[in-house]
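As you go down the protein sequences, you meet chains A and B in turn.
Count along the first sequence from 1, add 3, and you get the number used in my numbering.
Count along the second sequence from 1, add 4, and you get the number used in my numbering.
Hints are not guaranteed to be accurate.
Here are the simulated distance ranges between beta carbons [unchecked claim]: (1) 44/A <-> 16/B: 23 to 29 Å; (2) 118/B <-> 49/A: 47 to 53 Å; (3) 275/B <-> 18/A: 54 to 60 Å; (4) 42/A <-> 275/B: 54 to 60 Å; (5) 67/A <-> 438/B: 41 to 47 Å; (6) 5/A <-> 438/B: 43 to 49 Å; (7) 52/A <-> 516/B: 18 to 24 Å; (8) 268/B <-> 52/A: 37 to 43 Å.
Read the hints as simulated data drawn from the structure, not as lab findings.
Where is the CB? At the ideal position from N, CA and C, for every residue including glycine.
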Amino acid sequence: MPLNTAPNLARPDDFYEALIDMHRDLDDAASQAVNARLILLLSNHIGDQDTLAEAMRLARAAAEAPAPA
Amino acid sequence: MSSTEVDIDYQKQTYAYAPCAEQQGGHRADSPHPVIVVGAGPVGLATAIDLARHDVPVVLVDDDCTLSTGSRAICFAKRTLDIFDRLGCGDRMVDKGVRWHVGKVFLQDRQIYAFDLLPEAGHQRPAFINLQQYYVEGYLLDCARAMPNIDIRWKSRAVAVEQHPDHVALTIETPDGCYTLCGRYVVAADGSRSPLRRMLGQESHGHTFRDRFLIADVKMEAPFPAERWFWFDPPFHPNQSVLLHRQPDNVWRIDFQLGWDADPVAERAPERVIPRVQALLGPDAKFELEWVSVYTFACVRMDSFRHGRVLFTGDAAHGVSPFGARGANSGVQDAENLAWKLAYVLQGKAPDSLLDTYASEREYAADENIRNSTRSTDFITPKSAVSRVFRDAVLTLARDHAFARQLVNSGRLSVPAVLRDSVLNTADADAFGGAMAPGAACVDAPVADAAGKPWLLQHLGNEFVALVFGPPAGLDAAQADALRTLQQGGIPLRVVFVTDAAISASAQAWPGATVLRDTEGLAANRFDARAGTCYLIRPDQHVCARWRGVDVAGIAAALARATGNAPASTNLAPSAPVQAPALA
């Protein structure tokens, strides 16, 4: 199962709002913890190791590229 | 536990130094012994016994005159017990040891995860026993001392090593001064600080961990079951981990994570240790401290386990964290891998290059052990802030979600490496399922035989075995003749038949062969066998080849390959279409 990077979210703006709302009133440490739990839950849902590895590779590559202006 | 013998306090035993033949002019220094084993710990003793059982005389030297002080390695895995059985001392270990197979993991005051290491019946030995290292060494030593071809030399310290084309010369320091001890091969089983490793200019490489742990062995009457209990962040030891394990003699191992900043000397003091133990057990618990130690660890190995005629084993060759019990257990597997190969080389049955496969197979196993041990340690002692965030996220989710429990890593407990890529294997040409792929250590199964040995593993090992499923009468005359002819060759080969019928007089038709009845069908099941299925099993009970029929030419070729007697290019069999799942 290749990583799908084409548009796939049913309701993109609703998703983004919910993602930000998830962190409402949390300090940085609590937000970090929430993000980690979210990643773990979603990773288990995806399950496929190659897909996850590809997502990790893309995520990491952005950290090594120049930051957006 | 059913201890029927009078317990010996092996920690208090001392063994007398005596001048040896070399020092008394009775053995010419330039006439090498076949094998010198350096270090009388579990690995050195197991190597010496295994070699002696292969009729190779051994000189075993140790720099001390006592066995292990403190319980040290306490968890001995099923595979190690299977090896001890083959060496003749498994019963004493298991009779004395505490059997266990269940582990529980707690977060704070709540259980989040439990595992069962041996969920199926039909194995002679339990998944694990806990047994103090001094008992293991004591039982191995009693076994070694009963063997006439093991010459044990106490207070004999190797202080120099010189490699020659056909032998190794060790300088041995004794209470009577130094002498030269020569061996065709030397087995270095001299521990994690291996002086031989240093003398050869070698070192181990890998990760060290910035954490300290306190071991407290306490003697008490306690209601805990014989299970492995692991706590993350318990109320009695906040923010750190704790491990509780039961040993024989009402001794309990408690392992407290202390953190890197702990003072290793101060933490050993009883006035520091007792309150920590009391916090776990409660204010009314009565206990005595048996042994206390503060340790750090590293996950490391030597780049190569072979240096000329010196073969490195156990902690001398590799080190792991204690989480997973992969230290002593892997060392005993080193011993068994090496012993038959040394014997075959010394007896002219195999070329010296067979010993290179000791290094390659056990380096592979060490990498697997280090990988597992490092992963456990990274979970228990996160190395970075984000690693800690994910660890805590896993633990939090594990309370409510089964998927997260499989990520909780308090130690992945020792199982034997499947030597899948070994050059000694012959690749499958036929389709097989199950776990017994070439390179796997054989699993046990209940059987019935004429000699009262009711377990399959009792009939495998020590030499090569052709394990044939079906009765002797299932072979046609040509197969039988060819197999008998192969048995007359240079490599000893036993034939073991496993039938699903009652044992009949057909065994008589094949002198020397063993006929077993697969009483519960588990042998055929575990080996994915049908009538005619044939496995070739190494002296260390590892599978090296298998077929759906008794192909004697194939067996001969596989036997040559497994003993290093075949050119490398002959392994042209297609690779297996079926990958076996890992053992639980």
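Original post:
Hint by hint, which ones does the structure fall short of?
Top reply: The structure breaks hints 1, 2, 4, 6, 7; every other hint is satisfied.
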